[in-house]
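S.K.: With the hints as constraints, model all of the structure from the sequences given.
So the sequence lines, in the order shown, correspond to chains A and B. Residue numbers for the first sequence, in the numbering used here: 1 to 465. Residue numbers for the second sequence, in the numbering used here: 1 to 138.
It is worth saying that the hints were derived from the structure and are not from the lab. These figures come from a predicted structure and were not determined experimentally. Cβ atoms here follow ideal geometry from the backbone N, Cα and C, with glycine treated the same way. Please note that a few of the clues may not be correct.
[As the list claims (entries may be wrong)] Facing chain B, a subset of chain A residues (Cβ under 10 Å, in silico):
| no. | residue |
| --- | --- |
| 1 | Arg55 |
| 2 | Gln248 |
| 3 | Gly249 |
| 4 | Asp254 |
| 5 | Asp342 |
| 6 | Val344 |
| 7 | Asp347 |
| 8 | Asp403 |
[Said to hold, decoys possible] Keeping only pairs whose Cα atoms sit at most 20 Å apart, straight-line, the calculated PhoX-like set for lysine-lysine is:
| no. | chain 1 | residue 1 | chain 2 | residue 2 |
| --- | --- | --- | --- | --- |
| 9 | A | Lys205 | A | Lys119 |
| 10 | A | Lys58 | A | Lys465 |
| 11 | B | Lys29 | A | Lys262 |
| 12 | A | Lys251 | B | Lys29 |
| 13 | B | Lys114 | B | Lys29 |
| 14 | A | Lys251 | A | Lys262 |
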Amino acid sequence: MDRLFTPLQERLDGVVYTPEQFTEEHLTNYGRIHYWKPRFVVKPRTTQDVAETVRFAKEHGLFVSTRGSAHSQSELGINQGGILLDMKSMDAIYEVDEAACTVEVQGGVVWRDLVHHLKRWNLSPNVLTNNLGVTIGGTVSMAGIGVSSFRYGSQGDNVAAMEVVTGDGDIVRCSREQNPELFWATIAGLGQSAILCQASMMLRKTKSMTRTYYLLYDDIRTFMADSKKMMDDGKWDYLESWASPCPQGTKPIDGERRVFAKWFFPFHPTVEFEPGEEPNDEEMLAGLDYYDHLYTDDIPTIDFHERLVPVFELWKKAGTWEYMHPWMELVLPWETAADYIDQVLPDLPPGLLIGGHILLWPAKGTVSHSKFFMRPEGEDLIGFGILPAVPQKFWPQVRPMLDNASLLGQAMGGKRYLSGYINFDEELWQAHFGERWPELVAAKKRYDPQSLLNPGFVKYGDALK
Amino acid sequence: MASKFGTPEWASALVSEINGSSEYRNAAKSWGDGFNGNMIFVFEADEQLASPLHLFIELATGSCTGAEFVDRDVHEGAGFTLRAPFTLWREILERKTMAATAILTGKMKVDGGKMTLLKHTAANRALIHCTASVETEF
Chain A
1 MDRLFTPLQE RLDGVVYTPE QFTEEHLTNY GRIHYWKPRF VVKPRTTQDV AETVRFAKEH
61 GLFVSTRGSA HSQSELGINQ GGILLDMKSM DAIYEVDEAA CTVEVQGGVV WRDLVHHLKR
121 WNLSPNVLTN NLGVTIGGTV SMAGIGVSSF RYGSQGDNVA AMEVVTGDGD IVRCSREQNP
181 ELFWATIAGL GQSAILCQAS MMLRKTKSMT RTYYLLYDDI RTFMADSKKM MDDGKWDYLE
241 SWASPCPQGT KPIDGERRVF AKWFFPFHPT VEFEPGEEPN DEEMLAGLDY YDHLYTDDIP
301 TIDFHERLVP VFELWKKAGT WEYMHPWMEL VLPWETAADY IDQVLPDLPP GLLIGGHILL
361 WPAKGTVSHS KFFMRPEGED LIGFGILPAV PQKFWPQVRP MLDNASLLGQ AMGGKRYLSG
421 YINFDEELWQ AHFGERWPEL VAAKKRYDPQ SLLNPGFVKY GDALK
Chain B
1 MASKFGTPEW ASALVSEING SSEYRNAAKS WGDGFNGNMI FVFEADEQLA SPLHLFIELA
61 TGSCTGAEFV DRDVHEGAGF TLRAPFTLWR EILERKTMAA TAILTGKMKV DGGKMTLLKH
121 TAANRALIHC TASVETEF
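M.R.: In structure tokens, the structure reads:
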């Protein structure tokens with residue numbers, strides 16, 4: 001038995017696991033790129049448990065990493081030789097304040113559970129990620145982007161207040177008014193300064209039904225022009241889009257014949273409504289220049305939030321859920337987005353998308369106030385993500401393709417979304433945060449002076465000395 | 001038959017390679033359309049190359065009208081300059097390093113509108129592939 005097991009367990013209400021009790025899920029994350037083995041996995045029950053764990057780690061020189069659903073794909077949600085806090089055990093949903101439109105939750109609550117909990121009040125979080133199987137603490141620490149982000153910003157922008165544990169093991173309540181520096185250092189802060197244990201999340205009233213128009217575009221610039229109209233006209237509640245390949249045969253790419261595709265852009269704008277007050281289709285689609293209108297779908301709003309479950313289930317049944325997921329997501333400036341997409345998509349092998357997809361999301365940079373969710377300057381932005389499922393044996397071929405797509409995007413003014421496959425050296429980390437880099441470093445020094453929290457992802461180099 | 005790198009024969013073989021490449025013709029159909037697409041590749045001297053070499057290539061809308069090694073690393077007809085130590089160029093031509101990566105990481109220096117170059121990444125990748133495909137005696 002590890003000599004530290006009993007002293008750690010005695011300080012906690014939650015449960016401490018040792019390596020012989022670990023399952024494979026504790027050794028990697030959704031990316032399956034990195035495999036790390038912690039010394040202990042702790043399933044805390046309370047904020048006090050998290051604080052005690054951090055204090056214990058500090059006393060014994062151990063690093064602490066946090067894990068929600070571990071949808072991250074780089075060195076997050078895993079730990080090498082220290083303590084991995086499995087936050088999903090902190091899954092309590094507390095009081096709903098209907099008047100204030102807020103709900104208090106523990107950080108390990110899975111968004112799906114919250115969405116279903118709130119439906120009796122016709123309330124919903126302002127922003128939901130496509131995958132509802134991830135935790136509130138996880139996505140808020142990253143930013144959290146969804147199909148309503150063009151209106152409400154990131155999930156982090158929709159936190160009213162938080163209870164966090166710092167790298168010193170202190171429990172601190174923070175909000176925009178109370179300890180604002182720590183509040184903004186925690187949102188999209190990659191778990192570098194504090195661990196989100198409890199949060200008050202902003203909500204909104206929803207209508208019971210949604211209508212989605214399945215539009216198709218054959219040109220990225222036309223799609224972008226229409227998406228800008230839709231972001232600005234105030235008619236739409238959700239904007240979701242993709243890039244979809246139609247394979248055309250083979251052509252030489254870098255001297256090798258590879259399958260190539262003509263790319264189309266499905267666009268699914270959605271509006272909420274109450275039965276009897278159905279939207280007027282002609283008015284909703286007036287002035288848009290789509291290539292085809294394939295389908296119009298009316299479903300309950302709660303089902304709209306779960307719309308991708310059948311896709312994820314298919315990926316699980318097909319086995320691709322177990323592949324590597326080196327996702328490469330970027331937020332691009334409006335001005336260079338089409339040129340970038342024009343360069344990247346035509347040579348992308350369509351087969352790369354078995355068990356994955358290409359995401360596009362029109363966005364408004366100005367609706368987010370998060371300090372560390374880095375995005376290009378400008379009001380209108382385009383998110384673009386290559387989200388493949390890669391069998392391990394193809395990783396050496398796929399990796400340079402993704403590295404170059406990432407570098408090209410950054411050279412064209414884009415900013416990476418950090419939950420995916422990140423291969424930054426110290427210089428690229430600094431470039432990513434730009435003028436915010438000193439603030440990130442300062443927050444780390446202030447709130448996690450011994451650099452205990454979530455090590456190995458952000459490469460600080462000598463900055464912390 | 002392999003041509004010696006740095007000779008007029010090698011430059012002539014490069015022109016044939018570019019104009020025979022459907023990959024280049026398609027990828028570069030808008031390269032040089034509305035801007036000067038001619039390029040100089042500067043092979044800087046290092047432990048593998050005693051004296052620098054400067055290759056001037058005339059490129060427009062998917063074809064190459066000429067290539068020659070010139071005396072200087074500037075040319076009044078060039079719109080772009082790609083500059084790197086010869087060892088890095090050789091790694092690129094031998095496909096050990098990708099040109100795009102070299103440019104994006106700053107190892108290969110670009111003069112003349114980096115953003116234009118980035119907007120035509122596929123064209124320039126095809127050009128590098130053509131250059132790498134010339135049978136070469138170093």
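S.K.: For the pair we were handed, Lys114 of chain B and Lys29 of chain B, check the Cα-Cα distance against 20 Å.
M.R.: The hint holds at about 19 Å.
S.K.: Taking 10 Å as the limit, does the beta-carbon of Asp342 of chain A come near enough to a beta-carbon in chain B?
M.R.: 8 Å, holds
S.K.: Holds or violated: are the alpha carbons of Lys58 of chain A and Lys465 of chain A at most 20 Å from each other?
M.R.: 18 Å, holds
S.K.: Given the proposed pairing of Lys251 of chain A with Lys29 of chain B, does the C-alpha separation stay at or below 20 Å?
M.R.: 15 Å, holds
S.K.: For the restraint on Val344 of chain A, tell me whether the closest CB of chain B is nearer than 10 Å.
M.R.: It holds, given that the least Cβ distance between Val344 of chain A and chain B is near 8 Å, below 10 Å.
S.K.: Hint validation: Asp347 of chain A versus chain B, beta carbon distance must be below 10 Å. Holds or violated?
M.R.: At about 6 Å, which falls below the 10 Å cut-off, the nearest Cβ of chain B leaves the hint on Asp347 of chain A intact, so it holds.
S.K.: Against chain B, is Arg55 of chain A within 10 Å by beta-carbon distance?
M.R.: 42 Å, violated
S.K.: Sort out whether Lys262 of chain A lies within 20 Å of Lys251 of chain A, counting only the CA atoms.
M.R.: Holds - the C-alpha atoms of Lys262 of chain A and Lys251 of chain A are around 12 Å apart, at most 20 Å.
S.K.: Does the interface hint hold: is Asp403 of chain A within less than 10 Å of chain B, judged Cβ to Cβ?
M.R.: Interface hint status for Asp403 of chain A: holds (7 Å vs cutoff 10 Å).
S.K.: Decide if the proposed pair is consistent with the structure: Lys205 of chain A and Lys119 of chain A, CA atoms, cutoff 20 Å inclusive.
M.R.: The given pair, whose Cα atoms are some 10 Å apart, holds under the 20 Å limit.
S.K.: Taking the closest Cβ pair, is Asp254 of chain A under 10 Å from chain B?
M.R.: 5 Å, holds
S.K.: Keeping to a limit of 20 Å between CA atoms, is the pair of Lys29 of chain B and Lys262 of chain A held or broken?
M.R.: 17 Å, holds
Hints 1, 2 and 3, counting from the list given before, are not met by this structure.
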